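**Student:** So the chains spell out like this:
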Amino acid sequence: MTLRHLLSVPCGAREPYTLRRLIPAVVCPAGEPASGREPSGRRERPDPAPPFAPVFGGLLFEAERDDRGGLISPRFLGMAGPASREGWERALGRLFHPARNIGAALAASRLLPEGASLDIWLALPSPPRGQEREFGRVAGRRLRFALRQEDRVTALLWWADGAAARWERLAAAAPGHRCVFRGFVFMRPYLDANDIHVAKRIAEELGSRGMGLLWCSNCGTTPAHGTDARFDGLFLRPTRFGIDSRDGDGSGFPDAADFSVRHGPGVVVWVPDGSPERLRRWLRMGKAHFAGRPHLFELGDWRETGLIDPASPAYHELRAYLSGIGPPAVPPGCAPQGEADEAGCGRSAGNTGQTGREER
Amino acid sequence: MKVLHGPVEIASQMGNLCAALRRRGVKASAYNTFHTYLGYRDNVYNTDPYELEWLFPSALKHFDLFHFHYAATLLPDYADLPILRAAGKPMVMHHWGNDVRFHDLAREKTPYVYTGDSPPNEEIRRRLAILSRHISFAIVQDYEVYPYVAPFYEKVFILPLALDVRAVKPRYPDAQRKVPLLIHAPTNPRFKGTEHIEAAIGRLHGEGVRFRYFRIEKTDNREAIRLYRMADVIIDQILCGSYGMLAVESMSLGKPVVGFVREDLLPLFPEEPPIVNTNPDTIGDVLRELIAEPRLRREKGLEGRRYVEKHHDLEPVSAQLLAIYKEMTGKG
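As given, the protein sequences belong to chains B and H, one line each in that order. The numbering used here puts the first residue of the first sequence at 1, with every later residue one more than the last. The numbering used here puts the first residue of the second sequence at 1, with every later residue one more than the last.
Hints in this document: simulated from the structure, not taken from any laboratory. As the structure is a computational prediction, the values presented were derived from the model and not from experiment. Using N, Cα and C, we set each Cβ at its ideal position, and we do this for glycine too. Take the hints with a grain of salt, since some may be wrong.
With beta-carbon atoms standing in for the labels, derived distance ranges [to be verified]:
{"hint": "1", "chain 1": "B", "residue 1": "R129", "chain 2": "H", "residue 2": "R215", "range": "54 to 64 angstroms"}
{"hint": "2", "chain 1": "B", "residue 1": "E15", "chain 2": "H", "residue 2": "R215", "range": "26 to 36 angstroms"}
{"hint": "3", "chain 1": "B", "residue 1": "E15", "chain 2": "H", "residue 2": "K109", "range": "50 to 60 angstroms"}
{"hint": "4", "chain 1": "H", "residue 1": "A86", "chain 2": "B", "residue 2": "R280", "range": "15 to 25 angstroms"}
{"hint": "5", "chain 1": "B", "residue 1": "E15", "chain 2": "H", "residue 2": "K169", "range": "49 to 59 angstroms"}
{"hint": "6", "chain 1": "B", "residue 1": "R280", "chain 2": "H", "residue 2": "T329", "range": "35 to 45 angstroms"}
{"hint": "7", "chain 1": "H", "residue 1": "R166", "chain 2": "B", "residue 2": "A173", "range": "37 to 47 angstroms"}
Produce the complete structure using the sequences and hints provided.
**Tutor:** Laid out in structure tokens, this is it:
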């Protein structure tokens, strides 16, 4: 599977993403040059030029907490109530709203030029290992994560199957869309032995269902460099770069870049506070170290910060960066410790067969 | 109130304190990046420093108060402290001993102490200087640790070690048992004085004194506690001059505890701890007496249980901790 440049879409329980908000992440007016040169390997545009050009190659939707404060994303581990079946189900309902979030992405993708497509990825929720409270009943069983590790797998697969089913219904009701549902992303960077077991089981099960599984890990995290869970792709977050009060020189970035060169993962551009200046520093470093790699942009809630807003200079710098580095030149490493084969992992994850030709 | 504890779990204290706070309506979460064979997992999210950094932006928004442990904070080189301070978040540093025990000062207090696991004095001083630049308050478990940090902080609170004593069913020593079982469980033998203890054990065996001895090491905490239940005497640390979590756990089980508490510290505890006091010079005699006196073992076991119920149980400790938080936040 060839990954493309992705943008994280953090979905809180309150304000969904509307079509108007998502359009700048998906397309921009084709007449506005983002940079002086076309990315290598891209075909010439048909004449007359389409009205819009692609921006990101895909969107990663991440539900954060449910509407009652229950845990969904591991980003809120210890900062949310217990995970529950009802909360996760309501989160699916919001993610696959016909006119919001993924529904809005489907609508926005209609603006893509012919031959282009938009990948859709979903962040997997986090079933906390130590949660004593019952998660809920799935497949006739009451799930208790603290008692049975396998219940965590059951909950995740139930959710993934629910997402896939909702995708089928929503996509079928949106004729003319250009989205491709690619699969899921394991978001928790730290994996202990139990988590690795869960990740392996999920990877196997999703693979058998034709869905992909990516992992967002931190460079240096346990055991990012040694797990045998077969992810279809790995994005590394050079975390140390994100904190500029310490040194501001991006000391973690070269380490991540070195690892990437040896093992082939993508990179997470991590600007949680949405600071344009921090984003600029990332882009400077990224051009030097990660030009050929797939990027995942984690920019916090970019509606608040305006980073993905045509009125913001940072938005145009970001577009110029994407145009400058072009689509990823290599598939992401799927097996840390150099186990990836030359064709990436060789696992097909898309369920529609659509592939964007103007990949970003 | 939402409180974060992290990032080093020592003697299950973060987990215990969070459990206690939650009973009082505080939303407390603990994150641990220090993983040992002890396998602490109750009430704690086990993680690593990289994930902690990833969680930091969410934590900054979510938590009202940050309670750090063992001279460590959430980001490398204390990079989080100016951010937290600028955000107006109250912070407290909980020091545990080896993180701040200045070598020379410790030896002034007692000749027995082992400080080989503490950083060099200059490093301790450097860390405390940075920490106290941003954090006004510290917590220590007793007056043994207090003097190391007192010169640095605006205020240092004493908070006894916390244990859910009432959840532990005591098993007092059998007053009829003629051949008692002595248990010593060193997480760090050089710090605990294991060499002196086992030399004394060897001498007693050589004298023909009848007892059994079992040393527990590199054992999961839950399994260790199961083994302590079988003991007639528990030997804690005999060098540093105060008692630790093994003593508290053992007293909760109703076991007599042998340890070394400095004479000058005894009046500074809220009540004199019923530790059977010894040191490397007297350990043999103290053990001989306990082995010979089943009733003394039982008496000490009963006293110990009463003591920890009063001073180390989650209820009194969490009440003190909440009072500390209130004082820190100006709501005291």
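**Student:** Now, for every hint given, state plainly whether the structure supports it.
**Tutor:** Here's how the hints hold up against the structure:
1. Taking the beta carbon of each, R129(B) and R215(H) are about 32 angstroms apart, not inside 54 to 64 angstroms as hinted.
2. Checked against the hint of 26 to 36 angstroms, the pair E15(B) and R215(H) fails, with Cβ atoms roughly 60 angstroms apart.
3. The hinted window of 50 to 60 angstroms between E15(B) and K109(H) holds, with their beta carbons roughly 59 angstroms apart.
4. Against the hinted window of 15 to 25 angstroms, the Cβ-Cβ separation of A86(H) and R280(B) comes to about 22 angstroms, which satisfies the hint.
5. Taking the beta carbon of each, E15(B) and K169(H) are about 51 angstroms apart, inside 49 to 59 angstroms as hinted.
6. The hinted window of 35 to 45 angstroms between R280(B) and T329(H) holds, with their beta carbons roughly 38 angstroms apart.
7. In this structure the hint that R166(H) and A173(B) lie 37 to 47 angstroms apart at CB is violated, the actual value being about 58 angstroms.
The structure is inconsistent with the numbered hints 1, 2, 7, although it conforms to all the rest.
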